[in-house]
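> As given, the protein sequences belong to chains A and B, one line each in that order. Taking the numbering used here, the leading residue of the first sequence gets 1, the next gets one more, and so forth. Taking the numbering used here, the leading residue of the second sequence gets 1, the next gets one more, and so forth.
Keep in mind that a hint or two might mislead.
Just so you know, same-sequence chains aren't split out, so a pair can sit in one copy or run between any two.
What the hints assert, rightly or not - Capping the alpha-carbon separation at 25 angstroms, the derived lysine-lysine pairs in PhoX-like fashion look like this:
| # | residue 1 | residue 2 |
| --- | --- | --- |
| 1 | K425 | K228 |
| 2 | K377 | K223 |
| 3 | K62 | K465 |
| 4 | K472 | K422 |
| 5 | K49 | K377 |
| 6 | K389 | K49 |
| 7 | K342 | K377 |
| 8 | K472 | K49 |
| 9 | K259 | K389 |
| 10 | K342 | K62 |
| 11 | K62 | K259 |
| 12 | K472 | K62 |
| 13 | K377 | K228 |
| 14 | K422 | K223 |
| 15 | K425 | K342 |
| 16 | K124 | K422 |
| 17 | K431 | K342 |
| 18 | K124 | K49 |
| 19 | K389 | K234 |
| 20 | K342 | K421 |
| 21 | K389 | K431 |
| 22 | K472 | K124 |
| 23 | K465 | K422 |
| 24 | K228 | K422 |
Bear in mind the hints are in silico, worked out from the structure with no lab data behind them.
Number of protein chains: 2
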Amino acid sequence: MNANEFREFGRAAVDFMADYLENIRDREVLPSVHTGYLSELLPDEIPEKAEDWREIMQDMHKFILPGITHWQSPNFHAYFMSACSYPSMIGELLSAGFSVIGFNWWASPACTELEVITMDWLGKFLGLPEEFLNCHDGPGGGVIQGSASESVLIAMLAAREQMVRRMREEQPHVSESDIRGRLVAYTSDQSNSCVEKSGILSAIPIRLLTTDAKCALRGDILKEAIEKDLEIGKMPTVCVVSLGTTGSCAFDNIEEVGKVCQEYNMWLHIDAAYAGAALCCPEYRHIINGIELADSFNFNLHKWMMVNFDCCAMWVKNADLLVEAFNVERIYLQNHFQGQQKAPDYRHWQIPLGRRFRALKVWITLRTVGAEGIRSKIRHHISLAQYFKTLVTSDDRFEVIGESIFGLVCFRLRGECSFTKKLLKQITERKKLFMIHTTIHGKLVIRFAICGYDPQLTDIDFAWKEILYCLKDIDYNPSEVQDKVCEKFSSMIVSERI
Amino acid sequence: MNANEFREFGRAAVDFMADYLENIRDREVLPSVHTGYLSELLPDEIPEKAEDWREIMQDMHKFILPGITHWQSPNFHAYFMSACSYPSMIGELLSAGFSVIGFNWWASPACTELEVITMDWLGKFLGLPEEFLNCHDGPGGGVIQGSASESVLIAMLAAREQMVRRMREEQPHVSESDIRGRLVAYTSDQSNSCVEKSGILSAIPIRLLTTDAKCALRGDILKEAIEKDLEIGKMPTVCVVSLGTTGSCAFDNIEEVGKVCQEYNMWLHIDAAYAGAALCCPEYRHIINGIELADSFNFNLHKWMMVNFDCCAMWVKNADLLVEAFNVERIYLQNHFQGQQKAPDYRHWQIPLGRRFRALKVWITLRTVGAEGIRSKIRHHISLAQYFKTLVTSDDRFEVIGESIFGLVCFRLRGECSFTKKLLKQITERKKLFMIHTTIHGKLVIRFAICGYDPQLTDIDFAWKEILYCLKDIDYNPSEVQDKVCEKFSSMIVSERI
Numbered sequence: 001m002n003a004n005e006f007r008e009f010g011r012a013a014v015d016f017m018a019d020y021l022e023n024i025r026d027r028e029v030l031p032s033v034h035t036g037y038l039s040e041l042l043p044d045e046i047p048e049k050a051e052d053w054r055e056i057m058q059d060m061h062k063f064i065l066p067g068i069t070h071w072q073s074p075n076f077h078a079y080f081m082s083a084c085s086y087p088s089m090i091g092e093l094l095s096a097g098f099s100v101i102g103f104n105w106w107a108s109p110a111c112t113e114l115e116v117i118t119m120d121w122l123g124k125f126l127g128l129p130e131e132f133l134n135c136h137d138g139p140g141g142g143v144i145q146g147s148a149s150e151s152v153l154i155a156m157l158a159a160r161e162q163m164v165r166r167m168r169e170e171q172p173h174v175s176e177s178d179i180r181g182r183l184v185a186y187t188s189d190q191s192n193s194c195v196e197k198s199g200i201l202s203a204i205p206i207r208l209l210t211t212d213a214k215c216a217l218r219g220d221i222l223k224e225a226i227e228k229d230l231e232i233g234k235m236p237t238v239c240v241v242s243l244g245t246t247g248s249c250a251f252d253n254i255e256e257v258g259k260v261c262q263e264y265n266m267w268l269h270i271d272a273a274y275a276g277a278a279l280c281c282p283e284y285r286h287i288i289n290g291i292e293l294a295d296s297f298n299f300n301l302h303k304w305m306m307v308n309f310d311c312c313a314m315w316v317k318n319a320d321l322l323v324e325a326f327n328v329e330r331i332y333l334q335n336h337f338q339g340q341q342k343a344p345d346y347r348h349w350q351i352p353l354g355r356r357f358r359a360l361k362v363w364i365t366l367r368t369v370g371a372e373g374i375r376s377k378i379r380h381h382i383s384l385a386q387y388f389k390t391l392v393t394s395d396d397r398f399e400v401i402g403e404s405i406f407g408l409v410c411f412r413l414r415g416e417c418s419f420t421k422k423l424l425k426q427i428t429e430r431k432k433l434f435m436i437h438t439t440i441h442g443k444l445v446i447r448f449a450i451c452g453y454d455p456q457l458t459d460i461d462f463a464w465k466e467i468l469y470c471l472k473d474i475d476y477n478p479s480e481v482q483d484k485v486c487e488k489f490s491s492m493i494v495s496e497r498i
Numbered sequence: 001m002n003a004n005e006f007r008e009f010g011r012a013a014v015d016f017m018a019d020y021l022e023n024i025r026d027r028e029v030l031p032s033v034h035t036g037y038l039s040e041l042l043p044d045e046i047p048e049k050a051e052d053w054r055e056i057m058q059d060m061h062k063f064i065l066p067g068i069t070h071w072q073s074p075n076f077h078a079y080f081m082s083a084c085s086y087p088s089m090i091g092e093l094l095s096a097g098f099s100v101i102g103f104n105w106w107a108s109p110a111c112t113e114l115e116v117i118t119m120d121w122l123g124k125f126l127g128l129p130e131e132f133l134n135c136h137d138g139p140g141g142g143v144i145q146g147s148a149s150e151s152v153l154i155a156m157l158a159a160r161e162q163m164v165r166r167m168r169e170e171q172p173h174v175s176e177s178d179i180r181g182r183l184v185a186y187t188s189d190q191s192n193s194c195v196e197k198s199g200i201l202s203a204i205p206i207r208l209l210t211t212d213a214k215c216a217l218r219g220d221i222l223k224e225a226i227e228k229d230l231e232i233g234k235m236p237t238v239c240v241v242s243l244g245t246t247g248s249c250a251f252d253n254i255e256e257v258g259k260v261c262q263e264y265n266m267w268l269h270i271d272a273a274y275a276g277a278a279l280c281c282p283e284y285r286h287i288i289n290g291i292e293l294a295d296s297f298n299f300n301l302h303k304w305m306m307v308n309f310d311c312c313a314m315w316v317k318n319a320d321l322l323v324e325a326f327n328v329e330r331i332y333l334q335n336h337f338q339g340q341q342k343a344p345d346y347r348h349w350q351i352p353l354g355r356r357f358r359a360l361k362v363w364i365t366l367r368t369v370g371a372e373g374i375r376s377k378i379r380h381h382i383s384l385a386q387y388f389k390t391l392v393t394s395d396d397r398f399e400v401i402g403e404s405i406f407g408l409v410c411f412r413l414r415g416e417c418s419f420t421k422k423l424l425k426q427i428t429e430r431k432k433l434f435m436i437h438t439t440i441h442g443k444l445v446i447r448f449a450i451c452g453y454d455p456q457l458t459d460i461d462f463a464w465k466e467i468l469y470c471l472k473d474i475d476y477n478p479s480e481v482q483d484k485v486c487e488k489f490s491s492m493i494v495s496e497r498i
């Protein structure tokens, strides 16, 4: 493909995406294909000869679009939102065009430096303590990771290495593997499955602690678990708390948990994947009370901050601990830029060595939307959720479960869980709305998350109408209402961390 | 930004990239900025108000371009190439536009299915054994990972869990942590630093074994190391071999090493990050003799196959072992698509749960270039390297070190290493060529890798001329030539895995 063909193809692709997003309400949010549909349509082998881009654009319509679940539809209310914005798309295009691999400063100074700068912009925007910022004198700093999963894993690995080093100093006769075998980690039973997965990957057993009535992890529960572990010779190493759990957007009590972590000299990581973005609105900043006790913090720009996946901002109070944990001696570059504060060697802050120029999409998005625009988008989402909540609470057949202070409302039909289950099945089969269920304190609930490219009040009305329409088709008998605890549903299905 | 502004911005960005790549020879390959240059130019905080995209495009010229190391310049000969192609850029744009997170089939069927299909296209294109393909009846399959670093880490983690399970069955009285403490891994001292890093992250000590005269790992060396470890009670678990090492593009002996792995029931992973792409040319397929003995294999499309970073294809012979190692029970989805062969739950094949629609850029690139086009690109690169080799060998002052059968030539000035070091310093300071050094068997050599968007024969002539020009400026005295081994240079600087 030569440059002129690219100019044409590029224009066609830009128009395709603009048309797609402008007309997204015309499509059912869920696709109607069967598994294996695509292999029936596409050839078995790579084509020998080059094909024209126009054929590909036709095939996008014929083969790809029918198999898309439309995350940008305002009728997508499953999981949490996956951010999408026009400027961010351009950022991806430009980053792909430069194709620089910014594993150190020298490999493309702009790549490292723009990341340093935009992470500081974001840290200030969220009101993080300045110890976390790159511009602060200390060893803290911010970095872009691919996902919250990776941030949590990195925090756990750094905590593991810190503990191993510390114990080796205190008890030099004990082997590293003996120490590793005694480490233990903590999180709540409401935290995202990625936390548990990080425990598996880092080979640290992780305790899923019970939460209070608001689904929050509290200090006393953690303390009790730690004491039990100490009694059997374990070494409490790290606790991962959630700000905005996937199930019900609950908030662990950072102040209480933080003090316990401090008492036992443990690493505290805060996973604010979804809710963290709301910190840019001063009225929500109270949710991070106690953050000064944390060692690391992450939130996803690719959820609520208009930068498309993958873009997870992570800050650490002491980046040296990451470098110590991940640095392989022989990869030291011998250039004289190494270690300088304005030019961190980001490859030592992450799992892979290579890295895309992701700061470009962050920079372009933040500038074209502005602080004002981001705050207003988040407040708009929250107001839509609150509007939906009023619709639900105005109908006696339904109940709202949990606090729903952000963009997620968990609701159910009063009575046996089977009614709610049937209702969700009916809704999903019609493919006009996409929601998923979870269980909160033994009750099956439907999660209604505000998602999509540009959700409006009329979309919420549409959703409520569709829910009521489907309710007519199930055999819901309010007289049978018994507020008993449901049988245990086989698992949470909402714990995917995106 | 509304759709119409996006259409304009998109066109401007497409034209920007086309102009950039068409005129890339006008720029010095290395930037002339100092560390911290960008923080002197950009504001300290996110702008409050939205800014016009035209300002951003101006700032791309003013602030970003001066800080770019031009990986797409034909005068970039450092590391290995970072792929860039017009169709791949469009793929990134479209993928960002859909913003689907394909963690399972239901989350966007096209995302999973196109990956299944294109990974099969690639597996066949490279001539991999059919056990590795998704379309084969067995439990094998291919998946897109972000980087070779991640593929190697995943292979090591899967091997670790397999060994722990196996030992737990054989010796149920031994604890998991005791088993983990005895595991050991192997690779060559020439393998990429990401292999060593994977050892650190997975907490498996990794032996860096010495290589033969051709920098290849041989079976007898591995066997000797394993026997030593068995004697001290270790459990040999996994061996990572390299096809095309970063230092000198050397090839480990898969047949020999594979037989040893089979004998000791160990996992064999093949990291073919750079050289793997050349398997699409039948004349190079002999380098994977013995691949039937491997458990997993990876190569980077983002090096030699025109798909931009991040895009590493990984195949495993038994994907169940990944799922067993990475699956967190509670994230099981209760949909009826789970586990079906045409719709693998790819989130269990990788570290994060979220995943981009990367198959789109693969599909678009492979189709618009065609099998023919890819083979021809790879052969062209190899021919340019061979041409450079003839230039070097025709000058008595220089010598070529190693075989240089692909797109990398390692060369040096005869005599003391300090000459070569001085020469490279001189060249780098002029910023017209970017090469890096490594050491091969104690000798400092300069790596000349064919990279860039569209390198031509004239670019190689330019490079050679520049090298000779710089040679005049250093005090090279051929009479001092002594072919002694250099002092050990402090480290390999080329081991970044990109």
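> Please list, smallest to largest, the hint numbers that this structure does not respect.
1, 2, 3, 6, 7, 8, 9, 11, 12, 13, 14, 16, 19, 20, 22 and 24
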